[in-house]
Amino acid sequence: MFYRENGQYKTSYKADQALFPIVQDRIFIALVMAIAFIVIPMFASEYLFRAILIPFLILALAALGLNLLVGYCGQISLGTGAFMMVGAYAAYNLAIRIPELNLLVVFLLAGFITTIVGMVFGIPSLRIKGLYLAVATLAAQFFMDWLFSRVKWFTNESSSGAVSVPEIQLFGFSWNSPVQKYFLVLGIVAVFALIARNLVRSNIGRSWMATRDMDVAAEIIGIRPMYAKLSAFAVSSFFVGVAGALWGFVHLGSWEPAAFDVNRSFTLIFMVIIGGLGSILGSFLGAAFIIFLPIVLNQIPALFGIPISTATAAHLESMIFGALIIFFLIVEPHGLARLWAIAKEKLRLWPFPH
Amino acid sequence: MSARKIGEVILKVEEISLAFGGVQALSNISFDVREHEVRAIIGPNGAGKSSMLNVINGVYHPQKGSVTFKGEKRAQMDPHKVASQGVARTFQNIALFKGMSVLDNLMTGRTLMMKSNLFQQAFYWGAVQREEIKHRERVEEIIDFLEIQSIRKTPVGRLPYGLQKRVELGRALAAEPTLLLLDEPMAGMNVEEKQDMCRFVLDVNEEFGTTIVLIEHDMGVVMDISDRVVVLDYGKKIGDGSPDDVRNNQAVIDAYLGVAH
Amino acid sequence: MGSFIEVVLGGLMAGLLYSLVALGFVLIFKASGVFNFAQGAMVLLAALAFARFSEVMPMPLAFILAALVMVLVAFMIEKLVLRHLVNQEGIILFLATFGITYFIEGAGQLIFGSDIYRIDLGLPKEPKIILESTFDGGILISIEDLVAAAVAGFLVLLLALFFQKTSTGRALRAVADDHQAAQSIGIPLNRIWVIVWSVSGFVALIAGMIWGSKLGVQFSLALVALKAIPVVILGGFTSVPGAILGGLIIGVGEKLAEVYLGPIIGGGIENWFAYALALMFLLFRPEGLFGERHIDRV
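Protein chains in written order, with my numbering: chain A, 2 to 355; chain B, 15 to 275; chain C, -15 to 282.
In isolation and in its complexed conformation, chain A is listed as follows (with noise of 0.2 Å):
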């Protein structure tokens, strides 16, 4: 009854093809933003910021970049964290060798360095088929585990690895309370998000999924395999480095090699199954899933007066992770946010049963 389309038609193929055909969508977005930039920052305490929301931008910011290459373009990495790594190491390189950079700049330098590294590990994976990739980027992040611990280049001279960074300075500004950093990520976040859409929406988005569904059919019409996969793994390769310059310098603020392991690229492809391969807002909702089960599975059972230890919820985290990700490659490949999608076409009859 609410969300009914009736009455809205489009009389230009240019509202048709906007980002929020229908009008409630655009209300609930409208909302959304509101929320995040308006009500969030008023009410939110400090533990919410560092330990939840700030997190949950960046990890959504990865996410994206992973969904980009596994979910429209059908390649699969398996080191995300790698390149996450990459990205914050690269950023910390920057912003201590030139200082002056503006640290958006540097940022984004990052988020190219990454793309450049991430080129490599991809290029040679091109003539070969789907499951191979998952090695390369694999012993991408053994290699990247032992590079930034060993060479001391890029540590400046660290012994383990670790290097910690400045407070954050930008455009005069010191950005470093918990809201300010909010912020900061959920602007960057905001405009990755955009231009993830506008890119899934126009042509390289929809080569990348020719490609993803037959990719000799694809080759027929016209589109070049090898760019499309490239591209892919360029584009996601730079969301992943922001994702990790941020994750470093706004979240973590010291770190070392072991903050982006193996771990690390795991969780990313749990986000993009469970939230959704193929989906923008899937790949929020999955960060939103994994950032909260575990903070769940410590509260609920202390509610209902059963301890558990912090083994026993880690052990039991690894089993929910497993058989949901099972349940949702068999029941929904499309994760929650087809579950969200059916929830809005049911909405569009509530209360009529069809």
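In case anyone wonders, no lab produced these hints; they're calculated from the structure. Treat the hints with care, since some could be wrong.
As the list claims (entries may be wrong) - With the C-beta cut set under 10 Å, the calculated list includes, among others, these residues of chain B facing chain A: (1) E28; (2) G60; (3) G72; (4) T125; (5) M128.
Here the structure is a predicted model, which is why all the values come from computation and not from measurement. Beta carbons: idealized from backbone N, C-alpha and C, even for Gly.
Based on these hints, arrange chains B and C on the given structure of chain A.
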């Protein structure tokens, strides 16, 4: 029969031989196709018809022989290069992008005509949006032509077989090709659907002047709509001429009746 | 020279241990077309089960029970996962094995505990010194590793014979090629899968016992699977002898790289050398040493 005036030779295959491992798929095949005509390739199953289309398309590279298109001779070429020369095709087993809607599938057919680059597309509004709308308009003309307006937003995987074949034709047409290769476009269709498809094929040929090479098993269709016919059997050419010539060719009759040869 | 041989021998032995895990991979891939990322988790689970059982009962009994656990796991995997993903693309199945990995790791440690446990197979821990007359100081050989080598060799022979000579083996190969086609000629997919995953679980148990005896049973055992991936790439996804040869090459290569390249570029090369080698193979010989060439038909 084509109402358009048939022009000069636009496609020529000469002495094409293609083998996979020990299997000789095509042996020394030569024929030509004239502009604006409807050329049928027929023959029993396994005769090498699809392989012949694949060679024209650049998907298979023949060990011997050459393909000359629009006067330009080529031995090996990648499929996307061939596409950029103005060749489009459909497949025996539908090769649509199952994860995308009908509209998006047709829009992918326009890919070679889209000029914007990655950076422009990241910031959609402006040139990219105008380009998208321009191509959308052309694609909508094809949607009208094929009468598939009601399903334009449906994910292709959900459509019945007959409609999927129509969408695939649409995608090929979206590229505004000079040469259209159709691999059994009427396979698996009932009489009504076949009539519709025939009508579309003829309309494409008459209205747009597209040269058509078509593989088809339905002899009625072949005799009705083609200008000339090539007959293959076991990878060799056994007939080439007008439908009537071919119909009366003893070798062709033997091949279809399965007479040992 | 003596130390070089030691390094090589050590590498060969370590390589064989990788091969044991890789064997499980190959089995499952050969028979169901699934790239089983959960192989390492299975090794961990099997080792945990065996270690804990043998704390309270004699080893042969513990062995049987642990094997039963693996059969149960195979059964559940077939019933809850594989059955529902029949004829999905490889990537979906691969991601599903991710899920299985995490689930088994969590469940295994929840049930059997997450401390480090010892497995004592009664093998002498001290290395023997041989060939003292030929080489200065002799060459160190570990009896444990020799036993592992013998076991691995025996398993390979058994499995190779099984696949080539028996009708079940043939059926398994048919299934790997095309699930639906195999089903349509009456091959009972469900039973086949349970058999295969059980056998693979059994191989995981053997691997787990040997690895566990050598390194102690702990979570890092599951990460061994990650090492086995390059082994399978080198050897070819569908080749049982390939898994052995691949393991040997990786084992020796790693050790040599660590000892001779390490001092130059920095230690810890072992962690990624295997992958670098695998990548080289992917570039120049993607089907591995013994794998099957894949031809795509349009």
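These are the hints, each one checked on the structure:
1. E28: violated (23 Å)
2. G60: Hint violated; G60 of chain B Cβ to chain A Cβ min 21 Å, cut 10 Å.
3. G72: This interface hint holds because 8 Å falls under the 10 Å limit.
4. T125: Hint on T125 of chain B: holds, closest Cβ of chain A at ~5 Å, below 10 Å.
5. M128: holds (4 Å)
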